[in-house]
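4 protein chains.
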Amino acid sequence: MQQPRKVRMGMVGGGQDAFIGAVHRMAANLDGNIELVCGAFSSDPAKSISSGQSLYLPAERCYANYAQMFTEEAKLPEQQRMQFVSIVTPNHLHFPIAKAALEAGFHVLSDKPATFTLQEALDLADVLKTSKQLYGLTHTYNGYPLVKQAKHLVATGVLGKITKVVVEYSQGWLANKEDEGSKQAQWRVDPKRAGVSCCMGDIGVHAANLAEYVLDANISAMCADLNAVVEGRQLDDDGTVLLRFDNGARGVLMSSQISVGEENNLRLRVYGEEGSLDWSQMEPNSLWLRTNNKSTQLIRTGVGDLCPAAQAATRTPAGHPEGYLEAFANIYQNFAIQIQAFEKGVPCSNEAFDVPGIEQAIRGMAFIENTVKFSQSELKWHDFDLSPLTISGSD
Amino acid sequence: MQQPRKVRMGMVGGGQDAFIGAVHRMAANLDGNIELVCGAFSSDPAKSISSGQSLYLPAERCYANYAQMFTEEAKLPEQQRMQFVSIVTPNHLHFPIAKAALEAGFHVLSDKPATFTLQEALDLADVLKTSKQLYGLTHTYNGYPLVKQAKHLVATGVLGKITKVVVEYSQGWLANKEDEGSKQAQWRVDPKRAGVSCCMGDIGVHAANLAEYVLDANISAMCADLNAVVEGRQLDDDGTVLLRFDNGARGVLMSSQISVGEENNLRLRVYGEEGSLDWSQMEPNSLWLRTNNKSTQLIRTGVGDLCPAAQAATRTPAGHPEGYLEAFANIYQNFAIQIQAFEKGVPCSNEAFDVPGIEQAIRGMAFIENTVKFSQSELKWHDFDLSPLTISGSD
Amino acid sequence: MQQPRKVRMGMVGGGQDAFIGAVHRMAANLDGNIELVCGAFSSDPAKSISSGQSLYLPAERCYANYAQMFTEEAKLPEQQRMQFVSIVTPNHLHFPIAKAALEAGFHVLSDKPATFTLQEALDLADVLKTSKQLYGLTHTYNGYPLVKQAKHLVATGVLGKITKVVVEYSQGWLANKEDEGSKQAQWRVDPKRAGVSCCMGDIGVHAANLAEYVLDANISAMCADLNAVVEGRQLDDDGTVLLRFDNGARGVLMSSQISVGEENNLRLRVYGEEGSLDWSQMEPNSLWLRTNNKSTQLIRTGVGDLCPAAQAATRTPAGHPEGYLEAFANIYQNFAIQIQAFEKGVPCSNEAFDVPGIEQAIRGMAFIENTVKFSQSELKWHDFDLSPLTISGSD
Amino acid sequence: MQQPRKVRMGMVGGGQDAFIGAVHRMAANLDGNIELVCGAFSSDPAKSISSGQSLYLPAERCYANYAQMFTEEAKLPEQQRMQFVSIVTPNHLHFPIAKAALEAGFHVLSDKPATFTLQEALDLADVLKTSKQLYGLTHTYNGYPLVKQAKHLVATGVLGKITKVVVEYSQGWLANKEDEGSKQAQWRVDPKRAGVSCCMGDIGVHAANLAEYVLDANISAMCADLNAVVEGRQLDDDGTVLLRFDNGARGVLMSSQISVGEENNLRLRVYGEEGSLDWSQMEPNSLWLRTNNKSTQLIRTGVGDLCPAAQAATRTPAGHPEGYLEAFANIYQNFAIQIQAFEKGVPCSNEAFDVPGIEQAIRGMAFIENTVKFSQSELKWHDFDLSPLTISGSD
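Residue numbers (full-length UniProt numbering), protein chains in the order written: chain A, 1 to 395; chain B, 1 to 395; chain C, 1 to 395; chain D, 1 to 395.
Hints may contain errors.
The list treats identical chains as one, so a pair stands whether inside a single copy or across any two.
[To be verified] Simulated crosslink set (DSS-like; lysine-lysine; CA at most 25 angstroms straight-line):
#: 1; residue 1: LYS161; residue 2: LYS177
#: 2; residue 1: LYS294; residue 2: LYS183
#: 3; residue 1: LYS344; residue 2: LYS75
#: 4; residue 1: LYS129; residue 2: LYS183
#: 5; residue 1: LYS294; residue 2: LYS47
#: 6; residue 1: LYS294; residue 2: LYS177
#: 7; residue 1: LYS75; residue 2: LYS132
#: 8; residue 1: LYS99; residue 2: LYS344
#: 9; residue 1: LYS373; residue 2: LYS129
FYI, nobody ran anything at the bench for these hints, they're computed from the structure.
Next up, chain A with everything else stripped away, as it sits in the complex (with noise of 0.2 angstroms):
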């Protein structure tokens, strides 16, 4: 037997004080097969080797930029440097990272949204059809153990032909002006890092890719009403979206950051004209199916025949309940099967390693984009438009 070998993953963004890079550390940990070799953790040099120090990496590997990273990484030895980078900085530095590493022969993962503008989104797609390497879309929610349930029973017709879905995507902590005050607030709300939307860009988009996930269907065409509710904020803190798929199904996108008390409130319901789905992803280890004239059935996460998509995902007997990092540490491992899949010369789209992908990253930032342009018009009804937002004025 060849001594298996980890993969090797360098990471930009996510030095000390940041919270979304300590959880992609840790659901690339959980499993013992991803090792974290190199990183740019911070702008500031200094911030950059101390943090990775701090992970117990050696300061000849914590790096003060991304570029000198991909630079430095690609001199070593192929069994030792890294194979792809987790990128978990703000949104406005997503595209050029992602290109970057791709160029220089890295895989990337990418926290959401894929980029800053739907223009760098079909960039980005650009620039993969040349590189060749594997590109991940963080869309942690897709890695629930009965959301690919669910996706699995729609897929299978148990629901019949599906009529609407209900999403919601709800928390209370930008509620006011003064929660702006934390790091992980200033940037959400400045459009200079954050992009053209806030409550859109940051959980919206979840939302509504979790959606066309498990309804395997696109969004056609949207009725937007934004929000700022909170004085003063230039971006969009909540908003209700009308939604038409294109498979006939009708729906409602309703997300939110100043719904007082809402702790991370996603739920989705799909209904269908012989039964319906509920999951919440607070309870993340039940999954409701319901009909008209029999007893509703409580799936349980590790319980019964589930689709292997969901058994794959679950790694604790029923009862046990898993959450959020097992959830994101299994969009970690699908990546890194793919990897080595890739690595191995096998072909290797995303769908078929259930990892998202460039097509996810385009269809969420049109998401983004399209949220924020119908929100604007006066009529009700628009179609979904893969063709980026024309920025008029001072906007």
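Given the coordinates of chain A, assemble chains B, C and D onto it according to the supplied hints.
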């Protein structure tokens, strides 16, 4: 002590097989102070008599029709004749019966929606100005103790300035063509008996009323999207309405009768700058009060210092669940108390007795007609409009 | 068609301020086929009359005491006089009133526990053998539709052989000495009025009855540990009883009135070799059916094919919550139907009409006395014993 | 800054197909500061090596047995050799491995129950007195943030004087004879590998530990009733234990592995004179604080001012569910921190680092042996006894 006397009720509609008539009677019975003394239970005279007799009424007070009932009852001695009429027919008969009753000198407690059209509701308001009799509308869900507590918490500023409302009323029982077989379904999907709307008229209007009741604010503008999901259906069976309230709050109202697996899922969430409320009709003895930085409070019927209106609407100690019939009975109780006060010469606004009345009747009919009208518009937002729908051509 | 007549009820106890009397009246009122015609509501004659008048009774049928009531009512024409008496006094009066009523030719529906002592219950059984009148006992919780469904699922073998029962009835309202101020509390902690037990007599007996009812099996042995947690209390306010049933099942019964924060937490779990049931009184419209390798089934009132007894006990469609008063009304309904059948000469076992009767009365009193007796023993297990407690010296 | 170094772990047991070994590794991995450096994963040397290699270990550090591992690792330079050993074998091997490890100079983190017999636990305590190494025991459920918060609320008097504890640990996976097929089941029902108890040894001991941990009080007396519900089973698979604590509180402990449909239902309720707590492992991010006259408080992981121990045990913001693996990782984290402190020469009681240790090991083994012994007694109550079970004849 002078012998107290029960309040005497007549009923129009509600013969054998009718659902809502039996509910009204149980609500009237519960507290033992309302007596059913007569009825015109069916348009078939024999059925009216047999229905009445099975309700322990003497044959001579089981009338062939409401006109006869009002004429004959008016001839009885004051201490015997009915004091108010409960109207539990299909929608298209509400107005003529209510008008005739008021003109014959009887108080009216009507099932909702108040009338067949907004114009009728406005006409009814004119009748009321002349008649001086009392008029109540059974918006049942206002009758729950914790709905009253929610209204109290909003009114006393516990939530701070209200920013957002999400109200949902979902059912699944009309999800398929074949569900239309029941008597209950037949008239609801028939424009001739239900009016311009099925879903919004049957249940959406309850959701709108609940939101306005708890907020003590009016809907001022709407963006409506109604659907007839089941093929061939003439009226809406599903819809979403975006809301703006005259106090500045935004809102989303979702209502559906095709959401398979939903029983009678009426839920109201109210978000303010400092707290939020969450109440579900299917678990009516729990009201959730959430804030951003403290433990969630679960307010329970019968526990602690609830507002007087909530306490008065509760019959048993904490942990003894009360439900729909008790909420319905609370509407009846308040109306009975209002009648007793009226008959003692006390000035009697519906608001003072917490009984939904003609104002809610008009706003409800406007809501229904508005949602239908606005749904047909290509424009997103329309002001809430109290002028009757002009029915065009084939509609 | 002969004019149907309501069943005529008299009441002993339940004057102003009494809790359970009002509950019994609402339960009797709900369905409109039982009429309160007379009462001896208080041992204070003036209070009895004023209580009766506030209940719309004529003064001449508000009696000064139960003896007078039985004598006077017996003189009335058959079509006018009461048919049954509802007994809602403190425990120590249940037996003499029931005995007198039966001997005077009236049916009896008694609040629980049936009597003050097991000996009285045995004596009452003797009275019943002679009198031929009907006797019912308001073990309210049997009246819930999903309790009947649970009984049905056990009886039809859905759970397989029953192995274990966990039944709990927890309240917190007597947790402190100062809670004894209320009228409700005072007599319950007073051995002269409550009997040998507070907690087991007041609520533990409900739990035992519920388990026996659903299992259709009898407790055959017990290990009891009762506590008087609040200092200085003469009777138990908390206790646990290990159970063996005559069908081989084991069980645990927990009952408490000092469990701070518990409202009226009656919960029954039944485990069989192939499935288990879980029902909670505070969410009575849900019944959980679990197995080891399949999705949990949530059975809901009004949804799907419930057993006839469950359907008959339900008044509204799914999603319209019914609760405690409706369950209570179901006991009254069944008893009223039993009376009507009896008066038509139909043979009338309580079991056939699903009305708890003298057998439950005896077993309940034996449960109470047994738990007290066994708790004082140093030995663990004792056979369930139908012989009355021999009160020794200082007890 | 000196380069920080990960804490180095070896593992005994946990080869391919083992459940709990994989769980321990994920727990150790999660935070990225513990490194698996060696293992004796199986008593089959080839399997040990192949297991180790699949875990990315070099063959030379995959040992054929634990004795070899301790010998060889001790020869390695201090900076390379393992610092602690994680013991994840069946119960009967815990003691000899732990003893050998301690004597070879390695710290020990052991799965529970600590040993095969109470005598071994007492012997282990003797070994520890000599060795000075650290010893931790993975009572996982102590690792949950809200368990720590519960302990804090009890300690700070929020509940008042504690009066009652109800702790339950129910599973259904051993409900039938045929369930014994799995490797997990086989050794648990085998007295040679599991010890004197199946259910109490496997999960009841967790429940007892959880209660003592949260109360910071010891069980002082018990009345035990253990059952072997499945025919022919040699060890208990179900049982109830009545408890008295040395702080005066009473308690009930229910544990079962034959409760069909129960997944991993560990629930703790603590009642005090002024408030009560309710926590369920299957919804671990919610802790209910109830009182008699105020709204229930729902305390949530990550919301508001939790105690420092709860905060330190939480990795993500509110609403991002954390579960079993995170709780398990918290035990590993605390032990790793304890090791680091120890190696810096800081005095290191387990209590100071919130790591269950030898005291819990002894009390747990005493709990197991006591419940078995007391269950066989005809007497109800017995004092909790720290002297080892004298195995008599046929037992």
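In rising order, the numbers of the hints this structure does not comply with: Violated: hints 4, 5 and 9.
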